[in-house]
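Novice: Using the hints, put the two standalone chains together into the complex.
Chain by chain, the residues:
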Amino acid sequence: MSASDHLIPVVVSNVVEVNPIIKRFEFKHVNGDELPAFSGGAHIVVEMLDDGTKRKNPYSLMSSPFERDQYAISVRRDDTGRGGSKFMHEQVRPGMQMKISAPVNLFALDLRARKHLMIAGGIGITPFIAQMAQADKLGVPFELHYAARSVSQAAYMDSLADRFGDHVSCYCDDQGESVDLETLLSNQPLGTHVYVCGPKGMIERVVQTATSLGWPAAHVHFEHFLAPPVGEPFEVHLAKAGIDITVGAEQSLLEAVEASGTPINCMCRGGACGQCETVVVACDGEIMHNDHWLDEEQRAAKQRIMPCVSRFRGKRLELDL
Amino acid sequence: MTIQFKDESFRGDFTYANSPSNIPRFPFPFPEDEYMYSTNIEPHHAARAGSPFENAFDVDEHYVAEMKDRALVLADDPGRCQALPHMETAGWDFLELVMVSKARDYPDLFKLTMDGDRWHWINKPLQIDDTFTFGDSSTLPCHPMEYIGRQVQGDHAILDQRDGNLWMDAGIITAQADWSLDFDIGMNFFEWHAPVPLAHELGVFQRALKFLLTLPQGQPSRRLNWTLTVNPRLDTSPENYPKWGPDRMTVTPENIGEKVHLRVELQTFWRLPRSNAILFPIRTYLMAMNEVVTQPKWGRRLHRVMRDLRPELVDYKGLSRYHPILVEWLSQFDDGAPTSPGIFPD
Ligand SMILES: Cc1cc2nc3c(=O)[nH]c(=O)nc-3n(C[C@H](O)[C@H](O)[C@H](O)COP(=O)(O)OP(=O)(O)OC[C@H]3O[C@@H](n4cnc5c(N)ncnc54)[C@H](O)[C@@H]3O)c2cc1C
Ligand code: HEM
Ligand code: FES
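Those protein sequences? They're chains X and E, same order as listed. All the letters of the first sequence, read from the start, carry residue numbers 1 to 321 under full-length UniProt numbering. All the letters of the second sequence, read from the start, carry residue numbers 1 to 346 under full-length UniProt numbering.
Next up, chain E with everything else stripped away, as it sits in the complex (with noise of 0.2 Å):
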């Protein structure tokens, strides 16, 4: 399979739009007609052919976009991308990891060749052919964790692990929901997750830490993550809140089917071969509402998680705003009949 790259926009114009064929094969993520906070972890197997499980790293119709997009925010504020000194290690085995990964899965866009440390890369999309000596930080253009941070879609967080905890030590952010690396770098799993209401009360950040902290090599997991977010922004970071935050004061009944996004990110989690550090990799995909509905079994979903939503989570989430609008919108789509079990469309 050929995937026809996008030219789109994130930004500005914001041209960003899902082609027909990618909409069935979104991470839609409310397997039920409610959602609360939950550990929800699951083995991150090869699941569903075209669906974004298939692979261990999606590459999709945005991909090449995205990229582009990553690399106007990094050179408009470089401290989205840092890594402590004792993350060196970690950013090679992160290397290793995406482009061993891509060259299996996607073998007509990336390649791989080692000749014992003398690695030849060769991203097709982007146009790279590099040749370094794998683990010898002088033979790449910058870190190894921005080297191919910048050719991977999704943030990318690294969590050094001691004394029982997980510490965010390194990572490459620049399409992140609300939260800054450049504040949460050098903080443990219990700190970075201290906004977050309710769900430390369910007792959810113990079990996930516990969880974490045993990942073997080799078996990755993953979970769905959700928010909304107004226009298909990718970078809605705090440092650049007066740019997005204001958008939220444009949702009307009229435009709110183009204007909201369903943001999902598909969060995976491997533990690192010669670090044992994990790395956190946040894959954000957007739908507009519009192209939501165009599965009815997600527009009646839709509906019953939003209108029965928690407060506390309307709040977080920062959907006050529009909320009321938006449940009223998505009831024309709702016409009571029951949903299947799953995520998947019908």
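Next up, chain X with everything else stripped away, as it sits in the complex (with noise of 0.2 Å):
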């Protein structure tokens, strides 16, 4: 089974676009189905069908976490990426329908935490929406710092304060505010838990604030927005059955190799269990390691590969299979 297999197939039930860089994107289970309850701070992978290329990024669910007939997310446009943000804002309409992968929570709240600092900037805002409806309804305290380059790109800015009150604090750029970090982790009760999402800057300057102020390393989490490293198409000669096959952008080398009718063994299909270790005949190139289970001596010697989660990139690799 491939990762695929579990996506869920939704309708765009909604566009809105909330300022000139950022449309906000709603979907409902094309059954009318109840999508998957998730925590806040988890993101979705979404699917795009962009002119032949399959292009998938993670965006992080801005809706309530209570709330499952619909999710929505927020899509900054960037102009200087692959294309995915661009085939969201241009090609993306209301009534179309997409898949997207079940909720990962790489970024959830600490439960145990006597209060939630947040801290976003730009676009960094999304999680923290549904972080904060989540928060609100276990009645835990929570605060919101939101820093934005200006008034016009604040996106919800205004909506959060009105529905947070007290509890949101804005800053804008172009108005010459900013947040003042040293004061701000300096005030916190014991027990409060700082969470950050935005440019990488920003996310740097709170963690190190925070390390010199003694705050301990559990209590500060952080998100980045990072593109996902994508699989470029690549050759594999298999030598016991004797053929060539490709390993397309959105396949893995495991899946290609059972597409092609070749015996191999696996598992877990996560890098984890060791099932799909294959042996290395010949590599003029370099593997991208992504699994856990080889060690960085095996990984450099290149005589090994996990099928399931690694790739290849050069002129010739060669497997025992």
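Hints listed in this document are in silico derivations from the structure and should not be mistaken for laboratory results. Just so you know, these numbers come straight off a predicted model, no measurement behind them. Be aware that a few hints might be false.
[Claimed, not checked] Which chain X residues stay away from chain E? Per the calculated CB distances, all over 10 Å, these:
#, residue
1, Asp79
2, Asn187
3, Cys283
[Claimed, not checked] Below, computed lysine-lysine pairings styled on DSS-like, alpha-carbon distance capped at 25 Å:
#, chain 1, residue 1, chain 2, residue 2
4, X, Lys99, X, Lys56
5, E, Lys210, X, Lys302
6, X, Lys315, X, Lys302
7, X, Lys56, E, Lys210
No residue lacks a Cβ here, since even glycine has one placed at the ideal position from N, Cα and C.
Specialist: This is how it looks when you write it as structure tokens:
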């Protein structure tokens, strides 16, 4: 079974232009079913069929975790990227069918916290909108500090201030406003956890300031909106089977071997169990070892590969399959 | 298929036994003729109709009796069910997962009707018919984890995920193979696994943890673990050691076939949606040696596995006392013929 078998078919129920650079997209299940429950900070992976290219970008869920009839994400347009956000902005219309992954949370609230201190920069606001709904419902104190470049780009600033009142403080660069991190982080009650999502520089400043003020690392949480490594297609020769196969951009090496009808062991399909470990007969190029199985020495030796997660770039890869 | 629930005991007179038709569906834990620890995790897909892997939460003929045994343990020792304060959301996630799965997989036994947050749950085998508000613990007689934990076979630990580790912050544990929730509560993945020999050095736990930290919602995994227990006793806890430890002295070549039980844990791993915690059901299956050897492949293989078992494992699993007698007894079922791969009987 491949990861794409787990995708959820959705229909775009609404597209809202929030400001010149940000659009909000709302999704419902194609059958009208409930969507999976999730926790604040979770993201989904949106699959985009862009004129023959399949793109997969992660976007944080901003809708309330307690609402399951629809999901909402907000996408910032990035004209320098590979085109995923541009596709969302230019091609996606209400009524269109798309596929999304189940939610994954790599930026969850620490539920033991006495207080949640949230710091957002720009589009990094999205996970916090869901987290605030969660903290509010659980009755745990929270505070949001939200910075944006300009008033015109400050998505949801007014509505959040209206909804959560004193819990929200806003800062716009073009008004000469900025967060005083030293003061903010020096005056928090014991048991506070701080969360930051925004531009790289902002995350670094928050982490550095918290560390220098003696915050325990376990109380400092952050999420980068990084683009994950996308697979490039590559060719592989299977020595025993005597065939050449092509691994597509959206396919794992394991899936491509299986599709060719060549027997191969597997279990976890996540680089952990070791079952798919395969001997490399010849390698002229670079193996991208994405597994948790091989150690540094084995990786460097290029004599083993874990086809469920790892990939190749170069002239020739020959496997003992 | 209707299941005939057995009236049987896991203590005292030990009337527990498997019906002949229940034997071939036992999750025999050895895919090969030798055994060593490994990161043996695989997707928890529906597999093989009639097998214990067919449904999310397997219900079998021992369901009602096991739930009675759990109630006895909890009445004696409430410390077997504990949840740290931040684990209430996870308790609701667990309750939802079990109710939705059982109502879907066993519609003749369980029924769930949801009207918004107002839920109506019918559990026919246990004669429960309750209405409550999902997410509001004041509408249940107890913590949601305890409520549903008393209605599902197997022990359940719930692990909070934070700081790149898993923390045993809640559980309802009444049928354990010699470990204690009261001792392990609040520990992380490496701390609670500390007593296990050899596996740390093999890197088993490092890899397993990495895998679990990225476990996706809707894609559960499973693994099998095993030990041996004298008499079909579910509650072999350290707290009750004086009650079951001495049983090991009672094994003789004459009674070994009925006394010694292969104890298999079908462990599954589930990402919970609202809490981002991991649910870890440990579903125990017990089968007397006499029942195991009714399947010739299992008899042959069990002999080979036991004969060649590493001494560290014999010791950790607490088998030292009767291991030699067992190997000797099992040898009569091993004609040396090759065995087929996989765990299912021929
Ligand atoms: C967990 C998570 C949550 C996210 N949530 C949101 C969200 O809520 N809203 C949102 O708008 N975005 C979010 N993102 C970011 C989003 O997934 C996309 O990265 C973003 O929309 C840009 O996509 P793209 O395809 O247009 O550009 P991408 O190709 O993904 O490029 C993004 C940026 O990376 C640079 N880049 C691309 N390739 C390379 C390279 N090879 N080397 C160096 N730089 C490169 C580009 O110049 C561009 O600035 C999230 C990301 C993550 C990981
Ligand atoms: C996250 C959920 C898990 C929990 C709560 C859990 C809990 C435990 C506990 C309490 C023990 C007994 C330790 C003792 O002697 O006190 C144990 C043993 C063990 N665990 Fe885990 N475990 C988990 C996941 C895993 C995974 C993923 C593996 C993967 C390989 C694993 C492998 C083992 C092994 C090999 C033993 C020794 C068992 C034996 O020989 O009987 N565990 N575990
Ligand atoms: S299938 Fe488990 S490591 Fe590849």
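Novice: Please list, smallest to largest, the hint numbers that this structure does not respect.
Specialist: none
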